[in-house]
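Visitor: Line by line, the protein sequences give chains U and C. Heads up, the first sequence is in the working numbering, so the first residue is 292 and it goes up one at a time. Heads up, the second sequence is in the working numbering, so the first residue is 292 and it goes up one at a time.
Treat the hints as calculated values from the structure; they're not laboratory data. Hints should not be assumed to be uniformly reliable.
Stated by the list, open to error - Reference listing, derived: stretches of chain U covered by chain C, where coverage requires no fewer than 3 residues with Cβ under 8 Å from a Cβ of chain C:
#1 333-341
#2 418-425
#3 432-440
#4 443-454
To be verified - Just the calculated beta-carbon pair ranges, DEER-fashion:
#5 G348/C <-> E576/U: 44 to 52 Å
#6 R567/U <-> T530/C: 36 to 44 Å
#7 R367/U <-> P434/C: 21 to 29 Å
#8 P434/C <-> K350/U: 36 to 44 Å
#9 E328/C <-> D467/U: 54 to 62 Å
#10 R613/U <-> N315/C: 54 to 62 Å
#11 G466/C <-> D393/U: 40 to 48 Å
#12 K350/U <-> E609/C: 35 to 43 Å
These numbers come from a predicted model, not from an experiment. Glycine included, every Cβ here is placed at the ideal spot set by N, Cα and C.
2 protein chains.
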Amino acid sequence: MHNKNGKVALWGNQYIFNMAHTLNDYLREVETLFKEERFIFDPKELYEPIDYTLRLGGKRIRPTLLLAANALFGGREEEVRGAALGIETFHNFTLLHDDLMDRSPLRRGQPTVYTKWGDNTAVLSGDTMFALAWRYFLRQPTPRLREILNCFNETAIEVCEGQQKDMNFEKRAIGDVSLEEYMDMIRQKTAVLLAGALKIGALYAGAPDGEIEKLYAFGLHLGLAFQLQDDLLDGYGDTAVFGKKTGQDIRDLKKNYLVLRALQLSSRQQADELTRLFGDAALDEDERVVRVMALYDAIGLKPSVEEAIGEEFRAAGECLGRIDADETLKAPLRELTATLVGRKK
Amino acid sequence: MHNKNGKVALWGNQYIFNMAHTLNDYLREVETLFKEERFIFDPKELYEPIDYTLRLGGKRIRPTLLLAANALFGGREEEVRGAALGIETFHNFTLLHDDLMDRSPLRRGQPTVYTKWGDNTAVLSGDTMFALAWRYFLRQPTPRLREILNCFNETAIEVCEGQQKDMNFEKRAIGDVSLEEYMDMIRQKTAVLLAGALKIGALYAGAPDGEIEKLYAFGLHLGLAFQLQDDLLDGYGDTAVFGKKTGQDIRDLKKNYLVLRALQLSSRQQADELTRLFGDAALDEDERVVRVMALYDAIGLKPSVEEAIGEEFRAAGECLGRIDADETLKAPLRELTATLVGRKK
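Chain U on its own, in the form it takes in the complex:
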């Protein structure tokens, strides 16, 4: 056996060969998984939108986390390929239905399913994707199957609850939504799926409960940091690198971290102005963006948000540090964290 950085561990009664993978190894493996998988069956009207969605790409963060977490505890990669496909298929199902509900015309620069094939196809192909995710999870037997599926399903329910809370925010004034409520919403809508992917990977490897808990906490902090970064980029991204117009959340009157934090930091007068800018439906969209951003700058919002993001990344790193596992196996997770810290899009 010649394994670059290889190590051999005794697990149960069989030898497992762990190669210390880099982040890029995992990303490539996930790409290969999706490339080799067939998504079109009969009737094609149902499956073509699914194939389209799953081949659009994206960052593939969730299956990558799942593979890396599995390796962290000496798991066998061939046992988690189904789960890796499943978690990404589920994630793309939620995007497909969210785009329909939010009436978002573009995803990854391409037309969304409902704009291309209509609302009904978006509903039904989405439903089918959810079931396909289950098919992937059920592909391979595993001793902790019920626990794994419970984790997946409870995560799915939380994602739905988070999406509903996000939609509820739309009907409320900015001053009425607290920062705590916002953090709770993004925890459910975004963070639990990253944490769940990690937990599932670790469960397949038979990791101890205590270690899984630390890994889950790592995932939650990473997910929160990721979403706050998203909010920051919406306001302060470099359009050329970001790939889309900044200020879209302001245009959509979306309650994101920026506006809710700005409200906290505002003087009474600034808060009134911000509330007015978010309440004036007649105001020109671009005008609104310019005025809100000017207000953010006057408040000194950016460094404060960067600090909050830094705090989540720091907490994530700390959780990862406390996990009892080989440092070389933690490296891809640290690498992913670092990539997300510095991301520009």
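Since the structure of chain U is provided, determine the placement of chain C on it from the hints.
Guide: Here is chain C on its own, set in the frame of chain U:
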């Protein structure tokens, strides 16, 4: 132990007490299950439509089949309560999304979820119901869990495929859809879920594969008979008993068994007339119903459809007869079959 009609069977290494239930016992048990279950959690905007849907009632055929099939092979009722809730929750999820896609304003005489709460709520509460169905299925550990969940999930995928095929028919002319295609569509959209419910009940009881196969075939025939009966009632139901206007499928230009079978039995001239009636968008709806029904009568359609339904019921009964199980335990399934044979709504 005092069991009315009780019998004691040795199964594995424990005693199981089977009371010979009637169909009404099972229906009552299912009602109790739903009555005692809580469906409202936070956020209420997500769960209220779910609670509304699951409390609307309906025939509760699928969980009843599941309970009866479980008892047929000496299963323990307390082990399949989760699955019974799960299969009915899944069924109601498909109705909720189907009503949205078909723009059906009423279900069981009440406003459908999308008319009451809007499209987005229908999408997201439906998605959540699918996940809740999984939660019920995962509630209790069981030795054949993976097999049971696979059966549930493959059934779910077939139901989606069947719904897509049904939507595809809408875009085609009546002469272009064959009776075989129609039977394949209703097999997927309706029959596999009845068959799947039975199979799942039997799997929980640890029934032998050969017996499960016969039970599944019984379910398919029952499901086909059920759907053909539905089509017949749409044309020939007694409005007072049926509870809704007859001829709705004709109004909706829906390709159902009646029109496709009529086309088979038609002379060239009658076929042309039928095609014309289904192709003339300008024709008054009531006028269309009257003319199509007159044509059906001229063709002698009704007895031919009744014969096809009778044939499915006969085949169902034959499958049930071949199953190696106590006749007293088969009685509720025979009773349910008989109820469906004679149903007027």
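Visitor: Taking the numbered hints from earlier one at a time, note which ones the structure violates and give those numbers from smallest to largest.
Guide: 6, 9 and 12
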